[in-house]
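Residue numbers (this note's numbering): 5 to 456.
Treat the hints as calculated values from the structure; they're not laboratory data.
Please note: incorrect hints may appear among the correct ones.
[Claimed, not checked] In silico DSSO-like pairs for lysine-lysine, Cα to Cα no more than 30 Å straight-line: (1) K61 with K109; (2) K53 with K109; (3) K84 with K43; (4) K103 with K53; (5) K413 with K53; (6) K181 with K343; (7) K43 with K55.
[To be verified] Ranges of calculated distance between the beta carbons of each label pair, as one might list FRET restraints: (8) K53 with N351: 22 to 28 Å; (9) E174 with A63: 33 to 39 Å; (10) S271 with M71: 51 to 57 Å; (11) Y76 with S270: 40 to 46 Å.
Think of the CB as a built atom: it goes at the ideal place given N, C-alpha and C, for glycine as much as any other residue.
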Amino acid sequence: MELVGENLWLIKDDSLFLAWGLIVSAAHAGKSVFITWNKYFLLNLHFKKSKGNSRTKMAAVQVPLPMLGEHYIRSVHTLKYNTILLMSDGDVYCFGSIKGLNLIKCLSGVRCLAVLNDGFSVIKVEDQRLLLQMYLDLPSFENVKSTLQYTFDITFEDKNIFQCEWQHDEYTLTALKVTEEEKQFVQNLFGLKEEQPLYVHIFSIAGHVFVLTFNITGLSESSYPGYHIELLCVYASHVRYIRLLPIENLCLVVLSSGSVDVWYVSSLLAIKQSQTYHTGSEWMDYDATSDNGDIYYTDGDQLVRLRFMYNIQLDECFVHTLIKPVVGIQACTWVDHRKELACLSDNNIFYCIGFNLPIQKSSGRTLNMLASDLNRPMGLRQNAIVSRFEKRHQNLFQRELQREYEMQKLISTKSYITMQRKILSKVHWKVMMLQRSTISRNILFRARKYWI
Numbered sequence: 005m006e007l008v009g010e011n012l013w014l015i016k017d018d019s020l021f022l023a024w025g026l027i028v029s030a031a032h033a034g035k036s037v038f039i040t041w042n043k044y045f046l047l048n049l050h051f052k053k054s055k056g057n058s059r060t061k062m063a064a065v066q067v068p069l070p071m072l073g074e075h076y077i078r079s080v081h082t083l084k085y086n087t088i089l090l091m092s093d094g095d096v097y098c099f100g101s102i103k104g105l106n107l108i109k110c111l112s113g114v115r116c117l118a119v120l121n122d123g124f125s126v127i128k129v130e131d132q133r134l135l136l137q138m139y140l141d142l143p144s145f146e147n148v149k150s151t152l153q154y155t156f157d158i159t160f161e162d163k164n165i166f167q168c169e170w171q172h173d174e175y176t177l178t179a180l181k182v183t184e185e186e187k188q189f190v191q192n193l194f195g196l197k198e199e200q201p202l203y204v205h206i207f208s209i210a211g212h213v214f215v216l217t218f219n220i221t222g223l224s225e226s227s228y229p230g231y232h233i234e235l236l237c238v239y240a241s242h243v244r245y246i247r248l249l250p251i252e253n254l255c256l257v258v259l260s261s262g263s264v265d266v267w268y269v270s271s272l273l274a275i276k277q278s279q280t281y282h283t284g285s286e287w288m289d290y291d292a293t294s295d296n297g298d299i300y301y302t303d304g305d306q307l308v309r310l311r312f313m314y315n316i317q318l319d320e321c322f323v324h325t326l327i328k329p330v331v332g333i334q335a336c337t338w339v340d341h342r343k344e345l346a347c348l349s350d351n352n353i354f355y356c357i358g359f360n361l362p363i364q365k366s367s368g369r370t371l372n373m374l375a376s377d378l379n380r381p382m383g384l385r386q387n388a389i390v391s392r393f394e395k396r397h398q399n400l401f402q403r404e405l406q407r408e409y410e411m412q413k414l415i416s417t418k419s420y421i422t423m424q425r426k427i428l429s430k431v432h433w434k435v436m437m438l439q440r441s442t443i444s445r446n447i448l449f450r451a452r453k454y455w456i
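Please build the complete structure, drawing on both the sequences and the hints.
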């Protein structure tokens, strides 16, 4: 790796390296470790500040991937103690050292993986069954048979409720350990009346989105009476990522079409509401790991930040877009301690981009002023009056449309009748003329016969 600027580094590679992804493996104030990969190997990129000056030293370590035919890296996940790789054939690897990978033998047939505070959850295929399993994260997976905690059979016995092929469909999984502050949000979002789940898993298979909730109390090794599974919705496109944000009262569903479906709990109705934001482009790469739920994506022509904010007074979610015209970005990841977006371009230049602009402050002030105005005692009453006026106006508009439709229908009926009358009058006239001519010929024939 070569330094080409103050905050720009170049990856030199003879095999024309093209990044398939980029994540932060470890990050704190003085040191950052990034992982990027392609089909054949991955790179550990180490950035460390020198003690004598403010310059940053860099080191790149190439780690070859297992030769598994046409299989490739599906995703890379950073846990508390380990960084694990999920392959397209369902095998899972972890770093035994900085230069080597070890196969986790207790995991196979894995379709997707989600990170929890003390471990991770997976969806895997085993003996013609679809299982959701929870594992603990340990400092080392060597000499450990299994760290399995719980297993849930989500195939509903012999019935395939997903109506899809498990081997070739797209999977996503999101897990959340519910705290006391988040219980109300989870219950309202998923319609749980009496249950108080400790863990929530939202997973998707071929566009079908499901939720699995359970509490540890009542669970045993032989039976699992304490979990509940339900179909939430079905999308025409594949689901790429789901993010739960209980503090912001949001659940973000990122679709492969480049759209984001936003779920939130209505402050007036206390039930789930949704609205869809369309970006109009397919994403080459994205990151949705920031603490406040911001989504960063690249479509090859620009970098875009999407910020979702729920307004409790208006009972609506607003989307703020910030665009940077940076061309050729292949992969990106959010670095939280630097508040910057690390990017890797198609010409293998690695650099960081900040998104803190004054326009954010001005929009934030506008929202604060709006919120302060609506916090007055008459705010909600005014909103109700406006809502009733909009409904009344909509009803009037619908009645006017119906009246215009009836009028056009009547006019068309009258026109048809008038046209039929004209046709009948012409036919009657021709008949009368024909009768007259026939009578005239008969009179002439009789007169001629008489004279003869």
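Hints, verified against the model:
Our distance criterion of 30 Å between C-alpha atoms is broken by K61 and K109, whose separation comes to about 36 Å. Taken as a hint, the K53 and K109 pair is broken in the structure, with Cα atoms around 38 Å apart against an allowance of 30 Å. The straight-line distance between the Cα atoms of K84 and K43 is roughly 26 Å, inside the 30 Å bound, and the hint therefore holds. Under the criterion of a C-alpha separation no larger than 30 Å, the hint pairing K103 with K53 is consistent with the structure, at around 22 Å.
The hinted pair formed by K413 and K53 fails the criterion: a straight-line CA distance of about 79 Å is larger than 30 Å. Taken as a hint, the K181 and K343 pair is honoured in the structure, with Cα atoms around 26 Å apart against an allowance of 30 Å. Distance restraint check for K43 and K55: the Cα-Cα separation of roughly 36 Å exceeds the 30 Å cut-off, and the hinted pair is therefore not satisfied. Checked against the hint of 22 to 28 Å, the pair K53 and N351 passes, with Cβ atoms roughly 26 Å apart.
Separation of E174 from A63 is about 36 Å and conforms to the stated range, judged on CB atoms against 33 to 39 Å. For the pair S271 and M71, the supplied restraint of 51 to 57 Å holds, since their beta-carbon distance comes to about 55 Å. Taken as a hint, the range 40 to 46 Å holds for the pair Y76 and S270, whose Cβ atoms sit roughly 42 Å apart.
Checked against the numbered hints given earlier, the structure breaks hints 1, 2, 5, 7 and satisfies all the rest.
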